[in-house]
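Undergrad: So you can see what is in the structure, the chains are spelled out below.
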Amino acid sequence: GENVEQHPSTLSVQEGDSAVIKCTYSDSASNYFPWYKQELGKRPQLIIDIRSNVGEKKDQRIAVTLNKTAKHFSLHITETQPEDSAVYFCAAAGGTSYGKLTFGQGTILTVHP
Amino acid sequence: DVKVTQSSRYLVKRTGEKVFLECVQDMDHENMFWYRQDPGLGLRLIYFSYDVKMKEKGDIPEGYSVSREKKERFSLILESASTNQTSMYLCASSLSGYEQFFGPGTRLTVL
Numbered sequence: 001g002e003n004v005e006q007h008p009s010t011l012s013v014q015e016g017d018s019a020v021i022k023c024t025y026s027d028s029a030s031n032y033f034p035w036y037k038q039e040l041g042k043r044p045q046l047i048i049d050i051r052s053n054v055g056e057k058k059d060q061r062i063a064v065t066l067n068k069t070a071k072h073f074s075l076h077i078t079e080t081q082p083e084d085s086a087v088y089f090c091a092a093a094g095g096t097s098y099g100k101l102t103f104g105q106g107t108i109l110t111v112h113p
Numbered sequence: 001d002v003k004v005t006q007s008s009r010y011l012v013k014r015t016g017e018k019v020f021l022e023c024v025q026d027m028d029h030e031n032m033f034w035y036r037q038d039p040g041l042g043l044r045l046i047y048f049s050y051d052v053k054m055k056e057k058g059d060i061p062e063g064y065s066v067s068r069e070k071k072e073r074f075s076l077i078l079e080s081a082s083t084n085q086t087s088m089y090l091c092a093s094s095l096s097g098y099e100q101f102f103g104p105g106t107r108l109t110v111l
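Line by line, the protein sequences give chains A and B. Position 80, counted from 1, in the first sequence is what the working numbering calls 80; the numbers after and before it change by one each time, with no gaps. Position 82, counted from 1, in the second sequence is what the working numbering calls 82; the numbers after and before it change by one each time, with no gaps.
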């Protein structure tokens with residue numbers, strides 16, 4: 001089955017800096033790669049996703065890049081703000097999995113004012 | 001807005017008890033999922049269902065069972081709760097396009 005590895009497990013940045021979180025996946029059939037943000041005490045929520053026919057996708061201060069050959073994808077957050085502090089999860093899905101997602105271990109991002 | 005609700009936010013049970021966690025979604029989604037969330041381990045899939053009365057094992061099904069008698073409702077059952085099942089349990093639902101919508105979670109403590 002699919003295996004997703006996520007790094008780093010914790011990330012601390014100063015407000016205004018950029019943050020990058022990286023994930024690798026094992027199943028070359030995977031074709032959907034979402035990123036979820038979970039604030040303290042709240043449910044995970046989708047912030048951005050990318051499909052395997054696209055190499056990069058941007059939404060304001062966040063972007064995701066995908067390298068299918070190397071089987072890795074990354075989340076980039078620019079001009080970080082304290083409200084970006086949360087746990088971020090990457091995930092992968094594809095094939096005939098009925099939308100089954102395999103999640104990474106999570107990254108705790110702390111943005112210091 | 002998609003709404004996914006779970007029957008309890010916090011639950012305390014004793015070892016050996018039978019535990020029911022219920023999840024309801026209001027957007028006619030075909031797929032429903034149960035995860036457990038533990039620090040440093042991410043979200044691990046317990047079971048999922050792609051249709052009424054259909055179920056598939058996830059990555060960690062041992063000690064759990066599920067029931068989906070109606071499209072909007074997906075139940076997770078711990079037949080005999082054990083202390084190592086103390087965790088946060090998250091339900092999610094999706095259409096076939098993969099984006100999953102999560103419930104608020106149930107923090108289960110087994111004493």
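Hints are not guaranteed to be accurate.
Below, simulated EDC-like cross-link-like pairs (lysine to aspartate or glutamate); rule was C-alpha separation at most 16 Å, straight line [said to hold, decoys possible]:
hint: 1; chain 1: A; residue 1: LYS37; chain 2: B; residue 2: GLU99
hint: 2; chain 1: A; residue 1: LYS58; chain 2: A; residue 2: GLU79
hint: 3; chain 1: A; residue 1: LYS22; chain 2: A; residue 2: ASP49
hint: 4; chain 1: B; residue 1: LYS57; chain 2: A; residue 2: GLU2
hint: 5; chain 1: A; residue 1: LYS42; chain 2: B; residue 2: ASP38
hint: 6; chain 1: A; residue 1: LYS68; chain 2: A; residue 2: ASP17
hint: 7; chain 1: B; residue 1: LYS55; chain 2: B; residue 2: GLU69
hint: 8; chain 1: A; residue 1: LYS71; chain 2: A; residue 2: GLU39
hint: 9; chain 1: B; residue 1: LYS71; chain 2: B; residue 2: ASP38
Just so you have them, the derived chain B footprint on chain A, three or more residues with Cβ under 8 Å [said to hold, decoys possible]:
hint: 10; segment: 43-51
hint: 11; segment: 103-112
To list a few chain B residues with every Cβ distance to chain A over 12 Å, as calculated [stated by the list, open to error]:
hint: 12; residue: SER8
hint: 13; residue: ARG9
hint: 14; residue: LEU11
hint: 15; residue: LYS13
hint: 16; residue: ARG14
hint: 17; residue: LYS18
hint: 18; residue: PHE20
hint: 19; residue: GLU22
hint: 20; residue: VAL24
hint: 21; residue: GLN37
hint: 22; residue: GLY42
hint: 23; residue: GLU79
hint: 24; residue: GLN85
hint: 25; residue: LEU111
Keep in mind the hints are simulated off the structure, nothing from the lab. Every residue, glycine too, gets a C-beta built ideally from N, C-alpha and C.
Undergrad: Now tell me if each hint is right for this structure.
TA: A quick look at each hint next to the structure:
The hinted pair formed by LYS37/A and GLU99/B meets the criterion: a straight-line CA distance of about 13 Å does not exceed 16 Å. Restraint check for LYS58/A and GLU79/A: satisfied, since their Cα atoms lie roughly 14 Å apart, inside the 16 Å limit. Restraint check: the Cα-Cα separation between LYS22/A and ASP49/A comes to about 14 Å, which is no more than 16 Å; the hinted pair holds. Taking the CA atoms of LYS57/B and GLU2/A, the gap is near 14 Å; set against the 16 Å cutoff, the hint holds.
Distance hint between LYS42/A and ASP38/B is fulfilled; the C-alpha atoms sit about 14 Å from each other, no more than 16 Å. With a C-alpha separation of about 27 Å, the suggested pair LYS68/A and ASP17/A falls outside the 16 Å cut-off, and the hint is violated. For the hint linking LYS55/B to GLU69/B, the alpha-carbon distance of about 11 Å falls within 16 Å, and the restraint holds. For the given pair, LYS71/A sits about 28 Å from GLU39/A by alpha-carbon distance, which is inconsistent with the 16 Å threshold.
For the hint pairing LYS71/B with ASP38/B, the CA-to-CA distance comes to about 28 Å; that exceeds 16 Å, so the pair is violated. Residue count for the segment 43-51 of chain A with a Cβ under 8 Å from a Cβ of chain B: 5. That meets the three needed, and the coverage hint holds. Only residues whose C-beta sits within less than 8 Å of a C-beta in chain B count toward coverage, and the segment 103-112 of chain A has 4 of them, enough to reach three; the restraint holds. Under the 12 Å C-beta cut-off, the non-interface status given to SER8/B relative to chain A holds; the minimum distance is some 15 Å.
The Cβ of ARG9/B sits about 10 Å from the closest Cβ of chain A, inside the 12 Å cut-off, so the non-interface label is violated. Non-interface call for LEU11/B relative to chain A: holds, since the shortest CB-CB distance, roughly 16 Å, exceeds 12 Å. Remark: the non-interface label on LYS13/B is consistent with the geometry, its nearest Cβ contact in chain A lying 22 Å away (cut-off 12 Å). Consistency note on ARG14/B: stated as away from chain A, and its beta-carbon is indeed over 12 Å from all of that chain's, at 26 Å minimum.
Taking the minimum C-beta to C-beta distance to chain A, about 26 Å, the non-interface status of LYS18/B holds against the 12 Å cut. Even its closest Cβ contact with chain A, about 20 Å, leaves PHE20/B beyond 12 Å, as expected for a residue assigned away from the interface. Every CB of chain A is more than 12 Å from the CB of GLU22/B (nearest about 16 Å), matching its label as outside the interface. Separation of VAL24/B from chain A is adequate, the least Cβ-Cβ distance of about 14 Å exceeding the 12 Å criterion.
A Cβ of chain A approaches the Cβ of GLN37/B within 12 Å, the least distance being about 9 Å, so the stated non-interface status is violated. At the 12 Å boundary, the C-beta of GLY42/B falls inside the reach of chain A, the nearest C-beta of that chain being 4 Å off. At roughly 23 Å, the least C-beta separation between GLU79/B and chain A is larger than 12 Å, which holds for a residue marked as non-interface. With a closest Cβ-Cβ approach of about 19 Å to chain A, GLN85/B is found to remain outside the 12 Å limit, as its non-interface label requires.
Once the 12 Å rule is applied to beta carbons, LEU111/B is consistent with being away from chain A; the minimum gap is 23 Å.
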